[in-house]
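Residue-level listing of the chains:
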Amino acid sequence: MLKATLRTFLAHKGRLLLSALAVLLSVAFVAGSLIFSDTVSRTFDRLFASTAADVTVSPKEGLDEAVPSGRTATLPAALAGRVRRVDGVAAARAEVDVDGLTVVDEDNEPVGPTTGAPTLGTAWNPGERSPVELTSGHAPRGPGQALLDSETAGRKDVRLGDVLTVIAPPGSFRVRVVGIVTFTTTNPGSARVFFDGPTARTKLLGDPRAATGIAADAAEGVSDQQVKQRVAAALGPHSYDFRTADEQAESDVERLGGFLDVIKYVMVGFAGIAVLVGVFLIVNTFSMLIAQRTRELGLLRALGADRRQIRRSVLTEALLLGLIGSTLGLAAGIGLAAGLIELMGLVGMNIDADEMAIGRQTPVAAYAVGLGVTFVAAYLPARRAAGVSPMAALSDAEVAGAGRPLRTRAVAGAVVAAAGAAALAGCAVSERTSSAASLLGLGVVLTLIATVIAGPLLVRPVIRVLGSAFPALFGPVGRMSQRNALRNPRRTGATAAALMVGIALVGGMSVASASMNRSFDRQIDKTLGADFVIQNGNFLPFPREVTDEVRGTEGVGLVVRGRFAPVAVRLPDGDRVETTAGGYDPRLDEVADITYTQGDTAAALADGRLAMDRDFARDHDVRVGGAIPVEFQGGRRAELTVGALTDQDSAEGFGTQGGLYFGLATLERYAPGGQDSALYVNAAPGTGDDDLRADLEETLDPYPQVQVRDLADYKQLVHDQIAVLLYLVYALLGLAIIIAVLGVVNTLALSVVERTREIGLLRAIGLARRQLRRMIRLESVVIAVFGAVLGLGLGLVWGVCTQQVLALQDMGALAIPWGTIVAVVIGSAAVGVVAALLPALRASRMNVLAAIAHE
Amino acid sequence: MSTPAAQHAPGLAPADGVAARARGLTKAYGSGETTVLALDSVDVDVVRGRFTAVMGPSGSGKSTLMHCLAGLDTVSAGQVWLGDTEITGLKDRELTRLRRDRIGFMFQSFNLIPTLNALENITLPMDIAGHKPDGKWLDRVIDTLGLRDRLRHRPSQLSGGQQQRVACARALASRPELIFADEPTGNLDSRAGLEVLGFLREAVDRLGQTVVMVTHDPGAAAHSDLVLFLGDGRIVDEMRQPTAETVLERMKRFDVIRGRSEDPPGSPGPPGES
Numbered sequence: 001m002l003k004a005t006l007r008t009f010l011a012h013k014g015r016l017l018l019s020a021l022a023v024l025l026s027v028a029f030v031a032g033s034l035i036f037s038d039t040v041s042r043t044f045d046r047l048f049a050s051t052a053a054d055v056t057v058s059p060k061e062g063l064d065e066a067v068p069s070g071r072t073a074t075l076p077a078a079l080a081g082r083v084r085r086v087d088g089v090a091a092a093r094a095e096v097d098v099d100g101l102t103v104v105d106e107d108n109e110p111v112g113p114t115t116g117a118p119t120l121g122t123a124w125n126p127g128e129r130s131p132v133e134l135t136s137g138h139a140p141r142g143p144g145q146a147l148l149d150s151e152t153a154g155r156k157d158v159r160l161g162d163v164l165t166v167i168a169p170p171g172s173f174r175v176r177v178v179g180i181v182t183f184t185t186t187n188p189g190s191a192r193v194f195f196d197g198p199t200a201r202t203k204l205l206g207d208p209r210a211a212t213g214i215a216a217d218a219a220e221g222v223s224d225q226q227v228k229q230r231v232a233a234a235l236g237p238h239s240y241d242f243r244t245a246d247e248q249a250e251s252d253v254e255r256l257g258g259f260l261d262v263i264k265y266v267m268v269g270f271a272g273i274a275v276l277v278g279v280f281l282i283v284n285t286f287s288m289l290i291a292q293r294t295r296e297l298g299l300l301r302a303l304g305a306d307r308r309q310i311r312r313s314v315l316t317e318a319l320l321l322g323l324i325g326s327t328l329g330l331a332a333g334i335g336l337a338a339g340l341i342e343l344m345g346l347v348g349m350n351i352d353a354d355e356m357a358i359g360r361q362t363p364v365a366a367y368a369v370g371l372g373v374t375f376v377a378a379y380l381p382a383r384r385a386a387g388v389s390p391m392a393a394l395s396d397a398e399v400a401g402a403g404r405p406l407r408t409r410a411v412a413g414a415v416v417a418a419a420g421a422a423a424l425a426g427c428a429v430s431e432r433t434s435s436a437a438s439l440l441g442l443g444v445v446l447t448l449i450a451t452v453i454a455g456p457l458l459v460r461p462v463i464r465v466l467g468s469a470f471p472a473l474f475g476p477v478g479r480m481s482q483r484n485a486l487r488n489p490r491r492t493g494a495t496a497a498a499l500m501v502g503i504a505l506v507g508g509m510s511v512a513s514a515s516m517n518r519s520f521d522r523q524i525d526k527t528l529g530a531d532f533v534i535q536n537g538n539f540l541p542f543p544r545e546v547t548d549e550v551r552g553t554e555g556v557g558l559v560v561r562g563r564f565a566p567v568a569v570r571l572p573d574g575d576r577v578e579t580t581a582g583g584y585d586p587r588l589d590e591v592a593d594i595t596y597t598q599g600d601t602a603a604a605l606a607d608g609r610l611a612m613d614r615d616f617a618r619d620h621d622v623r624v625g626g627a628i629p630v631e632f633q634g635g636r637r638a639e640l641t642v643g644a645l646t647d648q649d650s651a652e653g654f655g656t657q658g659g660l661y662f663g664l665a666t667l668e669r670y671a672p673g674g675q676d677s678a679l680y681v682n683a684a685p686g687t688g689d690d691d692l693r694a695d696l697e698e699t700l701d702p703y704p705q706v707q708v709r710d711l712a713d714y715k716q717l718v719h720d721q722i723a724v725l726l727y728l729v730y731a732l733l734g735l736a737i738i739i740a741v742l743g744v745v746n747t748l749a750l751s752v753v754e755r756t757r758e759i760g761l762l763r764a765i766g767l768a769r770r771q772l773r774r775m776i777r778l779e780s781v782v783i784a785v786f787g788a789v790l791g792l793g794l795g796l797v798w799g800v801c802t803q804q805v806l807a808l809q810d811m812g813a814l815a816i817p818w819g820t821i822v823a824v825v826i827g828s829a830a831v832g833v834v835a836a837l838l839p840a841l842r843a844s845r846m847n848v849l850a851a852i853a854h855e
Numbered sequence: 001m002s003t004p005a006a007q008h009a010p011g012l013a014p015a016d017g018v019a020a021r022a023r024g025l026t027k028a029y030g031s032g033e034t035t036v037l038a039l040d041s042v043d044v045d046v047v048r049g050r051f052t053a054v055m056g057p058s059g060s061g062k063s064t065l066m067h068c069l070a071g072l073d074t075v076s077a078g079q080v081w082l083g084d085t086e087i088t089g090l091k092d093r094e095l096t097r098l099r100r101d102r103i104g105f106m107f108q109s110f111n112l113i114p115t116l117n118a119l120e121n122i123t124l125p126m127d128i129a130g131h132k133p134d135g136k137w138l139d140r141v142i143d144t145l146g147l148r149d150r151l152r153h154r155p156s157q158l159s160g161g162q163q164q165r166v167a168c169a170r171a172l173a174s175r176p177e178l179i180f181a182d183e184p185t186g187n188l189d190s191r192a193g194l195e196v197l198g199f200l201r202e203a204v205d206r207l208g209q210t211v212v213m214v215t216h217d218p219g220a221a222a223h224s225d226l227v228l229f230l231g232d233g234r235i236v237d238e239m240r241q242p243t244a245e246t247v248l249e250r251m252k253r254f255d256v257i258r259g260r261s262e263d264p265p266g267s268p269g270p271p272g273e274s
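These protein sequence lines map, in sequence, to chains A and B. Quick note: the first sequence uses full-length UniProt numbering, first residue 1, plus one each step. Quick note: the second sequence uses full-length UniProt numbering, first residue 1, plus one each step.
If we strip away everything but chain B, and leave its shape as in the complex, we get (with noise of 0.2 Å):
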């Protein structure tokens, strides 16, 4: 079932190498008869300088495959690697330092420190690991997002697609090997949501960047190079150079899988979903 991601893409742009990769990567919440797997057994390739878009329903595991690349979630079986970097067994300060210096966050929601200002918020995980920003790339990003005269604001003085275009020039600003976001768009309206897409495509395009972005809306899974389709925490399908309607039609599928074979009655879905 596993679907190595860098060979279902021949029509792109030449993968420079892989960004983050998964082998038999399983996560099991619960234990005994009342276990339930959020993850069985995946195996994934990232690659590098790419847009992947995660889908797929409700309790798929799509989250929670984010959380274990991202290194914030633990694994029950599997190897996961960032670059060539194991992060499986690492410690808790060892994936501390691993996330500041080489991932990117954004999230839903609350994703700015109220208390400090845009520019802060943007350089922070720089200033916590005591790195320099780079000046120039941090003007471009700054620039790229349309955020030059709103630096001195407090995230209460921006509308919720400013507060999201500062977090997305944040999980930009040290210029990661890896940005996850976790559904970036959930609580925007739409113009506002398509602005952020925007960016993260232009953040691939322009920048260089790599974006793995856990959605369940198909018009945000459009703006990537490549879904992933989760599901029973299996990875069932991926699509390249998706359209919002060939990725509502393949979701669709899943409703009518699951209309079909209805899970029993009262099986709990896996926790960790948003």
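Just chain A, same shape as in the assembly (with noise of 0.2 Å):
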């Protein structure tokens, strides 16, 4: 039996080359994703622990900042000497390691990267430690001298010589590159200057005597457990932060673990897409070989093989197509690791592709996602095999399967729809976030199971609805590819499922996306009254000389400030929220609409106030009056008191949960050396918005991170934040489209074989090679179509349904985005087309002869 199911594999390797195709793409994605998070996350172990002194000392910070404050936290540099003197540290220095930077020429365009990256300015400080080494000029002498890293000097072509402007928190100055420094480990993206210790200290943090952490090597014979302890000892163990290398590196990593995570995420979503639809490729494949040879197991059958022989046979060769695709797959996933590292060069982050780490759960995975899925697919046709009666060797029956009823999948597709379509409608009228958007994916997940079960059950009234033109478009070729495609509705609905999931993902991200810019959008012009905004493009905090200038320019007449700062509030029922808050200068209401349903912008301001979300507040127990004790990055406590209560939109977004907001006055007296995010600017009585725009363009030049937006700007800033999410899905839906267009060219090939005689009775007739390839052309477009329809109608109903769960959160605007809908139906389109080449080619060239005489 072993010999006959060997024999029946390779007689049909050909037509399971797209079914392995789809297995390596899955287990691909699989792999790719776990070397290269593993290759990443060594890297920067590996960077990290090499960096990171025997024991650092750094300021306490309590609070999580999920929005940037623009605080450097500081500690006296004079502590180094204390540290030094405890037993057991053989040496300790004060370090200045301030990110936020941003580095100009002498044309003012930025030098470092703005991507996001940070730009960081550190103490030179050479040693064994340093990620970096000077390999041309010399180190840098007093303040007007810097270095710079070789790679961000080869990106922007700066030389030794060239004058830099370096915008620091307390104001700009300008350097001399007076040296070249080289890292000799990886670059995490980021762009490096550095000054001498005296020059870091008063131009990056504004205070000779401060630094932002002390560095201390254990002497000979110590462990660094025992000098941490020491040292805090020596300092008192809740003044600051003390950490071991590898807690320091540990700590690190954990900052970087964020974008990791995303990365890791992301090849995840590809991995699953993957496996999703590669699972009704192969599938279908099976389903369409049992099909062709249901004589030859009837014939095996008639022989004396036993049911469960024949399920064994179909079950075996299911799982050496699995083996031979998940081997395939792991070596592709090692190059697609080897390219994403590559990718991670382009934008900046060196990791050595040589130090690849395969775990040894990479390739267990990789083999279990591989058999697995190529199992399972495989399940039910190898069951409907050895269903197949010893008479089916006699009888002349054309296809097995095509006829057989879809009671069952009527009914189980009813129910399970049905259970989808209450938990979407329970999500819609749900009035809790979280409820809401539980039931939001149940009922996803119900609602595509219960389309890919019924789906066969669609494809008639569906394509006879679509293909109803097909006729007298394109004449009895037309009708032929419509009939076609009914044939055999399980093989039709199983091709187009493939299309289907990806498709319905893309309907419902970019309908929940078209609501989202809606509701933004009348967000902004419903709140925002200033004339224009001055913003960092990554929202990232800006120096104070920006706003001093933007204050100096001729035609401003109102400048509110907006900063944001991490809080953490312990609230009347006892919770305590850690979230973001933001502070305002005091006439807020010149620029912004704010609707207040108790109190008022004045309340909310005042000296030891507090505004805050109407729904928080009720959540919360918190009456305006009430007392809130509130406590500061830093770990300086305040009690403030509810001023305001405000009904604002969306208030939960962004990590700024309940809305909360002060007077910029109080964040100061608090949480002082923030830095401003937001400047929020009026025209000057009898001044132009046009010649105050380009006022303000001039005063900024010098200060490329920081834009001004009107409110037309504004959108489109938040629109451009919406869309890389939306980017995100494209990809996916990328990688869906090429395995089900897989799906469709493998099923297009296998019914053009099973349909030989047909083709050839056709050309013996005068069916000519064109019309022939139109044929299949036309059913594969049917196809398409198919799917693409199906996918956006379960895509509108999802995004339609997140539309509420955001509704919840005061995004209430629903907006459906027809021209994706249209531009996605004809895409689909274009995919049948390109699906349809091979097998069309295939079917034209077949011999007329040879064709009518195929058995």
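Worth flagging that the hints you see were computed from the coordinates, not collected in a lab. All of these numbers come straight from a predicted model, not from anything done at the bench. Please note that the accuracy of each hint is not assured.
Derived DEER-like restraints, expressed as beta-carbon distance ranges [unchecked claim]: (1) 383/A - 89/B: 52 to 60 Å; (2) 408/A - 248/B: 50 to 58 Å; (3) 3/A - 33/B: 32 to 40 Å; (4) 841/A - 132/B: 29 to 37 Å.
Here a beta-carbon is modelled for each residue, glycine too, at the ideal position from N, C-alpha and C.
These two chains come separately, so use the hints to put the complex back together.
Now the structure itself:
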């Protein structure tokens, strides 16, 4: 039996090719993501482990900065002396390390990365822990000298002797590049500038006696842990954060972790899509191969093979396929990881591809996914094969499976669809975000399953409508292609399902994002009253110098500063909530329209007062006039009185839970040293907007990181942020489409083989090659468009329900992106045409006589 | 060895020309020492308005002759005309158009497109060509074949005989110059077979069509006006106004000849024979 299985497998290897490709793609993404993230984490583990001092003392930071506040936490540089005197410490030095700098050249063009990766300013401190070494020029001496890393210098063509302007929190200053340093380790994408110690302290921190940390080296024979304990004891254990090299590396990796996790999740998303869509392809291939082999299987049964043997034979074939696909997929995954590493190099993160880490779990996961997917996908067809009766060998039945009733499917599909619809309906009427979101997730999964199950049932009605114009447009060729698509609803349904999954995803996401865009637009229209907003493109804070320059610009009437600060609030119901609060200047009303349910702006921004969102207040038993203990970054605590409650749209977005804000003076008192994140500017009376804009742009010319935006620009900025998410979904769709196209190619190719005699007959009675190709192309188009229509229908329902969840976050606008929908339908037709290329060519090349004689 | 069929049918109604003609038609498979001649310099004229049967033992080249005359297969040497058109040397596109517009086909099995109903199958060649069927003629063909109440049926809903009648109607519907039937009764029981042969006969007598039928059944051949006997790629004999008995007698002589001068063992017959 095994011999027969192997023979069959080899005989059909051409037909299994595309299935193997689907397995390969799934496995490649799984393996690639594992290898990539392993390699990257190992690289960073090594980087941080090699650059971390034995013991690091840093200022105590209690709160996560979900939104950057622009504060740089410092400690006295003199602590280095105290640390040095601790027993077991060989050496200690004050370090200055400030991120969020902007460095521009003499044309005011930014030298560092503009993608959001930081530009770091550091006190030059060569040594074995330094991630760089000086490769040309000399060490910086005095306030006018700096070193630049070679990667940045190379990218922007900066040479020794060039003059750069460093825009630091305390103010801008000019430096001459006196040396170039080269990374000895991986550079995680940042740009690095180095100054001598005093320059770093005064110019980056604005305090000649401050430092951002103390690095201590342990003496011979003393462990890091011991040194840490002794230093902590000497300085007071609760005064600062103390970390050993290992702990420091771990915390650094964690800081970078968010970014790595994003890549990991994206890759897992790709793998998931590949697996999901691949399953359809494999199911279809096996179903078709078994249908075509019905007589052969019947013969085996007639000769005495029992059902189990037949089933096992088919499953063995599937496992062979999985094995080959997984092995190739593993290899492709290594290639994919190498490609990703290369790609990271383009955005400035150089990881040594030679150090690729292939953990033990990678091949295990690869084979588990590859074999699992094929096994699961082949199980149903295998059962069907086992069900072939010995009579099939004798009868002349066309193709098994085509005519079997779909009643079971109808019932199962209806039940699951009803459950999914109930979940979605529940989501639509739900009042709470969390329950609505989980109902949405459940509804999405159930409706997807229902559509996959019931897909074959929808084939007849939908394709009748879709293809109804075909006979009129394309004559008998159109009629035959429409009927061919209807011929085996299961096959058409499963082929289209692969495309449906990707398109449903995009449909839902594009409805959600279009709705978000419209909601934000409305909200901006409603609340933003300023003529201009000045902001960093990445929403990062900017030095006060910028604020001063803007204030000094001719024609500026009013400037209201906006600042963010991480806070932790203890609420009356006992919850402690960490969030980001805003701080504003008093004349906020003139640049924004805020709806208050209690109190007003004056009460909200008064000294020692605080405002928050009405819903948040209600959920936590907060009342106007109540005192709320607030903890600020840096450890200071205050008790603020609730002065006003607001009715804000999307109060919960972007890590600003609760919509907390207070006067900027209050913020400055408890968390000094922050930088402004936004300036709301109104023109002075008699100054035209265009004139003011021109003047502001001139003022801001030396600060390329900040831009002037009016209402329309501001909306665009928000749209762009949402678009990033959408691009990711489009990339997922791209992959889903590639696999779905493979599926359509597969189905058509196998159908062409199956219909060889029919094609021969058609050719004999005068169907031209061109007409034959068109017939297959039209069938492909109708299958693809069917998948797209199903997917869009599903996606629209998902999108509308997602919008219902967003509405609970006060993003109430619903927008259907009709342009995208039309484009998807047209695009799917194009996909159909592409998928039909090879099968059509193959069919038209058939020898007429051989085709007629084909058994 | 050539046998222009026209000259050998004096007893029949006056022939008004030649529907198809072959001169020196040769078809070889393989090359070098393994060359097999399926057709060896055959000359043949198919007379318009007649029912011609082609008979011969397996491997005699009868199907190959039909395929070459119908433009389905290429020839190794010689010329073939359909009416006044020389079809040897035509490109695929021209051959396809020729088959579509000027030739009708019936095959032993799998004659119909399963997704189309009977009427759609019948008009398919004209639909493909974008021609409008001649309504009167179509009605006549349908009525002659007794398919009026089966037109909306799919092939799977028809019996084998009915399917073959639909195929016959399709071959007739576009009023082609020539109908080729390749063992049209091969898959049918004797009653259904007789029916189909009767219709082919009627197509010639009442509708004035020209039919060439390949068969190995003497009873089927008896329905024709003229039987051409093929042996080893050559036309070895012909018979006018045949009966089943005379054809059978003639075929038996093949066997006798065969039996006497048996080919060297292992010599392969030409492929393409059914």
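Outcome of the hint check:
Evaluation of the 52 to 60 Å hint for residue 383/A and residue 89/B yields a pass: the beta carbon distance comes to about 55 Å. Checked against the hint of 50 to 58 Å, the pair residue 408/A and residue 248/B passes, with Cβ atoms roughly 57 Å apart. The hint said 32 to 40 Å for the Cβ distance between residue 3/A and residue 33/B, and at roughly 37 Å that hint holds. For residue 841/A and residue 132/B, the hinted distance range of 29 to 37 Å is satisfied, since their beta carbons lie about 32 Å from each other.
The structure shown violates none of the earlier numbered hints.
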